[in-house]
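Protein chains in written order, with the working numbering: chain F, 1 to 299; chain B, 1 to 299.
These are computed hints drawn from the structure, not numbers from a lab. On a predicted model such as this, the values are computed, not experimentally measured, just so you know. Note that the Cβ used here is the ideal one computed from N, Cα and C, for glycine as well. There may be inaccurate statements among the hints.
[Claimed, not checked] Computed, partial: chain F to chain B, Cβ under 7 Å:
#, residue
1, Met122
2, Pro164
3, Leu172
4, Ala197
5, Ile203
6, Ser208
7, Ile211
8, Ala212
9, Phe280
10, Arg285
11, Glu290
12, Arg295
[What the hints assert, rightly or not] For the chain F half of the interface with chain B, some residues (derived, Cβ under 10 Å), not all of them:
#, residue
13, Val81
14, Glu165
15, Phe296
[To be verified] The calculated lysine-lysine pairs, modelled on DSS-like cross-linking and capped at a C-alpha distance of 25 Å, are:
#, chain 1, residue 1, chain 2, residue 2
16, F, Lys258, F, Lys191
17, B, Lys294, F, Lys152
18, B, Lys83, B, Lys35
19, F, Lys173, B, Lys294
20, B, Lys83, F, Lys294
21, B, Lys147, F, Lys294
22, B, Lys294, F, Lys147
23, B, Lys196, F, Lys196
24, B, Lys152, F, Lys294
Protein chains: 2
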Amino acid sequence: MNKIKKENYTIGLLQLAFSADIKDNTKKTLAWVEKAAKKGAKVICLPELYRSQYFCQKEDSSLFDLAEAVDGPSVTAFQKVAKKLKVSIIVPIFEKRAPGLYHNSNVIIDADGSVLGVYRKMHIPDDPAFYEKYYFTPGDLGFKTFKTKYGKIGTLICWDQWYPEGARLTALKGAEVLFYPTAIGWHPSEKERYGKAQQDSWITIQRSHAIANGVYVASANRIGFEQTVKEQEGIIFWGSSFICDPQGVFIAQASEDKEEILLAEIDLTHIETIRRNWPFLRDRRIDAYEGITKRFLDE
Amino acid sequence: MNKIKKENYTIGLLQLAFSADIKDNTKKTLAWVEKAAKKGAKVICLPELYRSQYFCQKEDSSLFDLAEAVDGPSVTAFQKVAKKLKVSIIVPIFEKRAPGLYHNSNVIIDADGSVLGVYRKMHIPDDPAFYEKYYFTPGDLGFKTFKTKYGKIGTLICWDQWYPEGARLTALKGAEVLFYPTAIGWHPSEKERYGKAQQDSWITIQRSHAIANGVYVASANRIGFEQTVKEQEGIIFWGSSFICDPQGVFIAQASEDKEEILLAEIDLTHIETIRRNWPFLRDRRIDAYEGITKRFLDE
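For reference, chain F alone in the conformation it holds in the complex:
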């Protein structure tokens, strides 16, 4: 286990658009990692499934060809850059674990280029044009933290962001920041009527994880319109990546439609201060929460 330097550190989120050209997506993202590192980011997070367009808009078995092993070419490329720049990188991949067994995963690379570990998306959505249950087996590694060179981080993925349980368990494992690589957007036909409320719910629920747990939350979404099925209306990814502090206060917020780097300092003293003033962890009723492991409490 590597020792964590107990100093503040800067995190960087990449908010990017992705094309149908897989090689180009990786090349471009590697370049953005370099930019973020130059700006001082020490822990850098990419958007969910950064390597391709959001392919879950249809169920097509040939698309499993997009998957890669944890030690596949994408991760290897980011390992090199991590080592060169001395940064930790959260690389979200479509993970091929075995023939016919796939996950939606984060590979956490440390600043020496080694793979620190893997988080596999625990909560898998399934919605029109977000057919993830077809592609991704639910994670079997539980909720996790990773001791990077710079700090102890937790990572989750997209749909996980709607579950207070995932945030809580990751925070209870000592995470200073919860990273949420994300691919969320609007159905174009719904945007005008429901768009604002949907986006606001998404921001609110994630800020609430920061508040409830006294941790930083950093959510990296993609931007751009992607239509991978001609007969369907496609998805407008809503960007709006953000970082908030342990009281839920915005530190950095991105646009809805521009490629950007968001930076923020993880201030360990601020975590301590907020938790002293809002001592929620002190008063949890752990004797009364066992029902959380039930599907529903029918009476």
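With chain F fixed as given, assemble chain B onto it according to the hints.
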């Protein structure tokens, strides 16, 4: 068990100021219940510990005299009004359970005037000028719902609002609305610097319970400046009571400093629609949440 009419119903929150005159507080609150009922409210919720000023600003054993039994004079008075007006009322009391044993409780009165049940505040805070751990034994009844004549409601109290676990467990028991009688305010010396962020965190965490669980959330706070200890600066209660829908969208919002009634319709079809579109309950990983019953997951 009484049968619930599966129809929409209107709820009413009372946002009030309270004086040092205990009799007057009850009399006045009874009058506001009548007003709310006239406006169509069928389930009416009072602010936390409505009967007195917020006495927890100091630790003083004589203040236990303020406590009343569940079948004490306050509840009896509200039972009469409930029966007369055919409304259900959530009456938050300082409960005297036995000599030396006190709780911060909600008594839920049904529309026929009967006492449906009691909820005892599960999470007890303790902060300068909010010395609740001195007065209130943590609840031993767990998280609860109540089948009123009009609908199935859940009630929690104030500090509970910071805990996603309490909201989740109450929602899993079938609550359509989570009511949070509350007494929260600013230390005057902190208001300018921290006030906005504190209030915003309070609103955000409660809206997140609506979003995560697909339920209405209704939070009733008091208003006014109360200084029960001369040598201390007192508390400015921040009002801002609100009701939001199952997607966290505000339906009704009160001022910071006026006595008001907030009304909203609980639309059962809307709950169904939101939960179909945001099927979070479907995808919970109940096989992976057991750590929630631990204090911390030290590694």
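Against the structure, the hints come out as follows:
This hint holds: Met122 (chain F) has a C-beta 5 Å from the nearest C-beta of chain B, less than the 7 Å allowed. For Pro164 (chain F), the shortest C-beta to C-beta distance to chain B is roughly 3 Å, which falls under 7 Å, so the interface hint holds. The interface hint given for Leu172 (chain F) is met, as the beta carbon of that residue sits about 4 Å from the closest beta carbon of chain B, less than 7 Å. The interface hint given for Ala197 (chain F) holds, since its Cβ lies 5 Å from the closest Cβ of chain B, which is under the 7 Å cut-off.
With a cut of 7 Å, the hint placing Ile203 (chain F) at the interface with chain B is violated, because the nearest CB-to-CB distance is about 9 Å. With 7 Å as the threshold, the beta carbon of Ser208 (chain F) comes within range of chain B, its nearest partner Cβ sitting at about 3 Å, so the hint holds. Evaluation of the Ile211 (chain F) hint against chain B yields a held restraint, the C-beta minimum of about 5 Å falling below 7 Å. Interface hint at Ala212 (chain F): satisfied, since its Cβ lies 6 Å from the closest Cβ of chain B, which is below the 7 Å cut-off.
Evaluation of the Phe280 (chain F) hint against chain B yields a held restraint, the C-beta minimum of about 5 Å falling below 7 Å. A least Cβ separation of about 5 Å between Arg285 (chain F) and chain B falls short of the 7 Å threshold, and the interface hint therefore holds. The interface hint given for Glu290 (chain F) holds, since its Cβ lies 6 Å from the closest Cβ of chain B, which is under the 7 Å cut-off. A distance limit of 7 Å between C-beta atoms decides the matter here; for Arg295 (chain F) the minimum to chain B is near 6 Å, and the interface restraint holds.
Interface restraint check for Val81 (chain F): the shortest CB-CB distance to chain B comes to about 28 Å, outside 10 Å, so the restraint is violated. At about 5 Å, the closest approach between the beta carbon of Glu165 (chain F) and any beta carbon in chain B falls short of 10 Å, and the interface hint on this residue holds. Hint status for Phe296 (chain F) relative to chain B: holds, with the closest Cβ pair at about 5 Å, below 10 Å. At roughly 18 Å between alpha-carbon atoms, Lys258 (chain F) and Lys191 (chain F) fall within 25 Å of each other, so this suggested pair holds.
Pair hint Lys294 (chain B) plus Lys152 (chain F) holds up; C-alpha atoms about 20 Å apart against a cutoff of 25 Å. Pair hint Lys83 (chain B) plus Lys35 (chain B) holds up; C-alpha atoms about 15 Å apart against a cutoff of 25 Å. Restraint check: the Cα-Cα separation between Lys173 (chain F) and Lys294 (chain B) comes to about 11 Å, which is no more than 25 Å; the hinted pair holds. Using a Cα cut-off of 25 Å, the hinted pair Lys83 (chain B) and Lys294 (chain F) is violated, with the two alpha carbons roughly 37 Å apart.
The straight-line distance between the Cα atoms of Lys147 (chain B) and Lys294 (chain F) is roughly 21 Å, inside the 25 Å bound, and the hint therefore holds. With a CA separation close to 21 Å, the supplied pair Lys294 (chain B) and Lys147 (chain F) stays within the 25 Å bound. Among the hinted pairs, Lys196 (chain B) with Lys196 (chain F) is consistent with the structure: their alpha-carbon atoms are about 23 Å apart, no more than 25 Å. Distance restraint check for Lys152 (chain B) and Lys294 (chain F): the Cα-Cα separation of roughly 20 Å lies within the 25 Å cut-off, and the hinted pair is therefore satisfied.
Against the hints set out earlier in the document, violations occur for numbers 5, 13, 20.
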